[in-house]
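Trainee: Let the sequences and hints guide you as you build the complete structure.
Residues per chain, in single letters:
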Amino acid sequence: MPNLELKLTINGRKIKKTTFSHYRLLDFLREDLDLTGTKEGCGAGECGTCSVFINGKLVKSCLVPAAKADGAKIETVEGLGNPEQMSHIQKAFCATGASQCGFCIPGMVMAATSTLRNNPKANLEQIKEEMGGNICRCTGYQKIFDAVEMARDVINKEKSEKVFDEYEKPKNSFIGANVKRIDAPSKVTGRLKYAADMKLPNMLHMQVLRSDRPHAKILNIDLTKAKKIDGVRGIVTCDDVPGIDNFGVFIEDQPVLAKDKVRYVGEAIVAVAADTVEQARDAINAIKIKYKDLPAIYDPEEALKEKILIHEHYKTNLVKHIPIRKGNTEEAFKKADLIIEDEFSTQPVEHAYLEPMAGVSYVDQDGVLTIVSPSQNITHHRHMMAKIMNLPIHKVRFIMSPVGGGFGGKEDMIYQGMLALLATKTRQPIKYVMTREEDIVSTAKRHPSRTKYKMGLTKEGKILAVEISMLADGGAYGCSTEGVMRKAAILGAGPYNIENLKMDTRGVYTNNTPSGAFRSFGALQTEFATESMLDIAAEKLQMDPFEIRRINAFVKGNLTHTKQELNSASINTVLNELEKLSNWEKGPPQSRGQIRKDTFSKDNRDACELGARLKSNGNGKRVNR
Amino acid sequence: MSLTKKRGRGVAAAWYGIARTAAMDQAGAWAEIDDGGSAKISTGVTEIGEGILTVLAQVAADELGVKPENVMIGENDTSRSPEAAHAGATRQTYMIGNAVALACRGARQKLFDVMAKEWKVEANTIKAHNGEIWSEGTNYKMEMSEAIHICKKKYGVIPVAGENYTSHHTGLDPVDGSGRPWQAYVFGGQVAEVEVDTATGEVQLLGIWACHDVGKAINPKGVEGQIEGGVVQAVGQALMENYELDKGRTKSGSFAKYILPTSLDVPKVTSKIVEDPDPLSPLGAKGIGEPAMVPTSPAIMNAIYDAIGVRIKSLPATPEKILNALKEKKQNGSRNIN
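In the order they appear, the protein sequences are chains A and B.
Each residue of the first sequence is one higher than the one before, counting from 1 in my numbering.
Each residue of the second sequence is one higher than the one before, counting from 1001 in my numbering.
Read the hints as simulated data drawn from the structure, not as lab findings.
Computed from a predicted model, the values in this text were never measured in an experiment.
Glycine is no exception: its CB is placed at the ideal position from the N, C-alpha and C atoms.
Hints should not be assumed to be uniformly reliable.
[Said to hold, decoys possible] Where chain B lies over chain A, by a calculated footprint (3+ residues, C-beta under 8 Å):
no., stretch
1, 7-20
2, 178-184
3, 197-211
4, 222-236
5, 323-333
6, 433-443
7, 567-580
[Claimed, not checked] Far from chain B, some chain A residues (derived; all Cβ distances over 10 Å):
no., residue
8, Gly56
9, Glu252
10, Leu524
Mentor: Written out as structure tokens, the structure is:
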């Protein structure tokens, strides 16, 4: 029961309220006051999405117990302005296009406000330093810096407020115009509701028990104690799935909740719905699972040996092999003046969208199972859900809530199935919000890869033949591995006219965290190898790196690696424009960095130096290098 | 400048296919010219951050002759809006942008046919832009709000239409991989400038010059935003991020352990947009979301080599890897080090 009485001022209004003693200030703002502009991105003070002012000082509200705010003056993003009356900083964020997904933006607006309140004349380096505690995964920060500088200049009356509304309005068309983002006002003022901001009457909260084993047989699930916990309204396991229990972007190989065995650490086994998050957590902690550990595979090379199978019924660990064959590489290598062979690798990467996975599910008055979540593919999710829940397709409805960053990470339907099972079982709305830790451990990553490469060229730099073989770790479930292998294969040899190509990409199952869709989807891994090889070749042939690329670049009418005739190919134009734009000094790539003349232009940022900012005099004067 | 700090530059190119790979891609949309000279668009789209709602508002405004701020875009709901499939694969502007353009052309034609009757002119003389509608070569001109009122009240017509856009792709041959995986391709290139501290192994990316073909930039600032964001995600990939596992258990299970680029790590990005319109689509626009980050990592590795003569072939180029590579280079004179 709420037992902590708080008296405080929030956005200028005096508030007296009894809340839970375990609440953080963030919970108090979001749950008790519905001030959902303050977001939870990590719950550990690392990302800054929950930034608020306490007595004028910028703090991360996830680190502050609610009790500590008693008697304080709190200011949240809602207090800075609303979509009709925005602060200078909020207007500047709209003007420069500083918001993309918007999830970090309320925190960014708070940090920017703090920066300019403390130092109204802050220079760019000081702005960067002050905003260093807030992470943005979408924008690359540049337009955020632009916004803070614009707001600073307006606040200091160096620029008129008109700059907020200036954009070149073309006379005859809106195509090609920098029309201001229509979603920006709702984002910079914290008014946009993401899935985690939703509340419905009688809503229950879901928590999930996840595997702490990489590969183990589930011998027994004991729910006796969990069922007796106060507030628990429903518990589901794989046995509760009424239809065909599997899903996946390309191969449907993943059960909603682990069936018979677990294949990775973080895999969902049991889901509980209770009146409060805390009760659901207590129930999770009361569940006992008996496992029998199985030998596991962590290395994709081991997976190819097939000594241990991750999915027994497939009889292989190979998820997908994509071959591309063009011409005759063996013959072509014989004619090459230069042959180079090398190996490259890339690491698994976390999407780190600032909005952790979240969703709400309910069965509506017409018996339609409805799921609201930031899913990147509701069309496909609806198909899979109908099959899993054994419902006609029109009895399943997906609504895509505003996405706080996806980058491919929200294409997998990894929690919506659990929500659907519990909403159907309890006939109450169910909400689930992952913690950052839960999100990192359970969701797919970028495929780590190893690539073997052989390239043969003439002494003039013309590529005669290429052989590429990439092996990728797909982790425990198929997710987007098949598509990633396809794109890696099709694009991997780069935008070059290569007559003889042998390309193979393979993705395999292991007991690692699954790999899935991630912006640039396999092409990043293989093209990284190709572009490194071209510079290695250019040095050996003493050619300029632009030159070796131009000699090989596709032109209109060329056949791609998959033998498709190109109806257009702009790569030469792009390279020429880039050479001009960067003011590139021609020469072979032979580590001439120290003698080249094109470095140190004004289009670079200042390098950070240890302690440099401590030396700054705070009046905008730059520190000497 | 410290003796241990070395600058270098590198370049890399890239290409990418637009929309769903090696399978038909399709998107549907409904459009209606609504009261007050506004527009109502319904399609399977929700903003994911790339600026798609603004792009669609610009497309709809342009096609219908209304103001972009008067375009309303409905929610993405499998039971209430036409299918437009997934938000990914650099397909939103290409697939949904073209679907919305086609639907708007259908709705516009209904209004123009009515106004041709009203004004007794040929429908093909009628134009509309930014909330006004007129007949070329005549004095007929009025606000869209008035025209829509006439259209509904006098002629009983609601200008509404639904359309879809298809991108014709084929699967790959299972033996030699031949096929037509996409109908539109984009090309790009980036130059990176780095400073490497040979004492600490730290690499700072200071500048990126990025040049990308997007077909047609519907909102150039939005394109820049995608390039800048893509570059910074690639900074993480190239220099710091690593989801490390030990026997299947993560060693980087929180933001405290998983290092992401912050405001102090990001380069200045100078972008240049190249426009080589797609000949097969109504808008000519292609895409930028994913291709933006492909050339960055190799451009950075090529720049590191330029700066200090060691080639990092295993991402990310952490300070430890740089120092080990420098040590190995010193020991055996090799420049080719993992």
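Trainee: Please go over all the hints and tell whether each is borne out by the structure.
Mentor: Now the hints, each set against the structure:
1. Here's how the stretch 7-20 of chain A fares: 0 of its residues keep a CB closer than 8 Å to some CB of chain B, so the rule of at least three is not met and the hint is violated.
2. Check result for the stretch 178-184 of chain A against chain B: holds, 6 residues qualifying (beta carbon to beta carbon below 8 Å, three or more required).
3. As drawn, the stretch 197-211 of chain A meets chain B at 0 residues by the rule of a beta-carbon pair under 8 Å; below three, the given contact is violated.
4. For the stretch 222-236 of chain A, the stated coverage by chain B is violated: 0 residues have a C-beta nearer than 8 Å to a C-beta of that chain, whereas at least 3 were required.
5. Using a Cβ-Cβ cut-off of 8 Å, 4 residues of the stretch 323-333 of chain A lie near chain B, which meets the minimum of three, so the contact claim holds.
6. Counting residues of the stretch 433-443 of chain A whose beta carbon lies closer than 8 Å to any beta carbon of chain B gives 4, which meets the minimum of three for the stated coverage.
7. With 10 residues having a Cβ less than 8 Å from any Cβ of chain B, the stretch 567-580 of chain A passes the three-residue criterion, so the hint holds.
8. The beta carbon of Gly56(A) sits about 22 Å from the closest Cβ of chain B, which is more than 10 Å, so the claim that it is off the interface holds.
9. Remark: the non-interface label on Glu252(A) is consistent with the geometry, its nearest Cβ contact in chain B lying 16 Å away (cut-off 10 Å).
10. Not every CB of chain B is more than 10 Å from the CB of Leu524(A) (nearest about 6 Å), against its label as outside the interface.
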